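Student: Could you build the full structure based on these sequences and the hints that come with them?
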Amino acid sequence: MQRLARHLAASLRARTPGLPPFLCGFHAAPSLRQLHLHLLSSDLDSDALKNKKHFNSFATSFLFHPASVAAQIESSGKVLSRGHAAEEAALKQDMRCPVTGAPLKNMPAVKAHVARREYAEGVRALAGDADIIERWPGHNRANDVRAR
Numbered sequence: 264m265q266r267l268a269r270h271l272a273a274s275l276r277a278r279t280p281g282l283p284p285f286l287c288g289f290h291a292a293p294s295l296r297q298l299h300l301h302l303l304s305s306d307l308d309s310d311a312l313k314n315k316k317h318f319n320s321f322a323t324s325f326l327f328h329p330a331s332v333a334a335q336i337e338s339s340g341k342v343l344s345r346g347h348a349a350e351e352a353a354l355k356q357d358m359r360c361p362v363t364g365a366p367l368k369n370m371p372a373v374k375a376h377v378a379r380r381e382y383a384e385g386v387r388a389l390a391g392d393a394d395i396i397e398r399w400p401g402h403n404r405a406n407d408v409r410a411r
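Heads up: the sequence shown is residues 264 to 411, going by my numbering.
Hints in this document: simulated from the structure, not taken from any laboratory.
Model, not experiment: these values are computed from the prediction.
It is possible that part of the hints are untrue.
Label pairs and their in silico Cβ distance ranges [claimed, not checked]:
1) ALA352 with LEU275: 25 to 35 angstroms
2) LEU295 with GLU381: 33 to 43 angstroms
3) SER338 with ASP308: 30 to 40 angstroms
4) ALA388 with LEU271: 14 to 24 angstroms
5) ALA330 with SER304: 14 to 24 angstroms
6) GLU397 with GLY281: 15 to 25 angstroms
7) THR363 with GLY281: 13 to 23 angstroms
8) ALA277 with ALA348: 38 to 48 angstroms
9) HIS299 with LYS355: 19 to 29 angstroms
Derived lysine to aspartate or glutamate pairs resembling EDC-like cross-links, with alpha carbons at most 20 angstroms apart [unchecked claim]:
10) LYS374 with ASP308
11) LYS316 with ASP357
12) LYS315 with GLU351
13) LYS315 with ASP357
14) LYS316 with GLU350
15) LYS374 with ASP357
16) LYS313 with GLU351
17) LYS315 with GLU350
18) LYS374 with GLU384
19) LYS368 with ASP306
20) LYS374 with ASP306
21) LYS313 with ASP357
22) LYS368 with GLU381
For each residue, glycine too, the CB sits at the ideal point set by N, CA and C.
Tutor: As structure tokens, then:
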């Protein structure tokens with residue numbers, strides 16, 4: 264899955280110059296039964312991103328780095344969880360910019376913030392020359408999880 268995400272990100276960015284780097288990750292509590300990997304634009308500029316819970320699902324530790332999920336599957340044969348309460352807490356926390364840490368009061372503030380040049384520069388700095396940001400500040404790489 265991660266290899267396909269890398270291929271898609273590289274292809275999309277090659278065809279569309281100026282396209283921001285991508286994010287890639289699994290939600291801590293999947294919304295579907297089938298294992299699925301999210302690949303999304305790091306500009307977080309989408310009409311589909313409508314509320315705090317949805318924003319926090321991509322901007323906090325609720326988004327697990329693909330390598331951590333792969334390691335869990337290889338070591339235990341299953342995806343692990345920190346527990347429902349910890350996962351829900353990530354979605355309910357105050358919104359903050361995952362790049363700058365700036366507090367974001369509401370979704371209009373999120374939209375205004377991610378449209379700023381400073382945000383785009385921060386995203387590009389995180390990505391370097393890569394098509395996918397490997398060290399998204401919100402990514403959960405912790406091993407303090409338990410079996411689902």
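Student: Could you run down the list of hints and mark each one as holding or not?
Tutor: Here is how each hint holds up against the structure:
no. : hint                                   : result
1   : ALA352 with LEU275: 25 to 35 angstroms : holds, 33 angstroms
2   : LEU295 with GLU381: 33 to 43 angstroms : holds, 35 angstroms
3   : SER338 with ASP308: 30 to 40 angstroms : holds, 37 angstroms
4   : ALA388 with LEU271: 14 to 24 angstroms : holds, 23 angstroms
5   : ALA330 with SER304: 14 to 24 angstroms : holds, 21 angstroms
6   : GLU397 with GLY281: 15 to 25 angstroms : holds, 21 angstroms
7   : THR363 with GLY281: 13 to 23 angstroms : holds, 21 angstroms
8   : ALA277 with ALA348: 38 to 48 angstroms : holds, 43 angstroms
9   : HIS299 with LYS355: 19 to 29 angstroms : holds, 23 angstroms
10  : LYS374 with ASP308                     : holds, 7 angstroms
11  : LYS316 with ASP357                     : holds, 10 angstroms
12  : LYS315 with GLU351                     : holds, 12 angstroms
13  : LYS315 with ASP357                     : holds, 8 angstroms
14  : LYS316 with GLU350                     : holds, 11 angstroms
15  : LYS374 with ASP357                     : holds, 15 angstroms
16  : LYS313 with GLU351                     : holds, 18 angstroms
17  : LYS315 with GLU350                     : holds, 14 angstroms
18  : LYS374 with GLU384                     : holds, 16 angstroms
19  : LYS368 with ASP306                     : holds, 18 angstroms
20  : LYS374 with ASP306                     : holds, 10 angstroms
21  : LYS313 with ASP357                     : holds, 15 angstroms
22  : LYS368 with GLU381                     : holds, 18 angstroms
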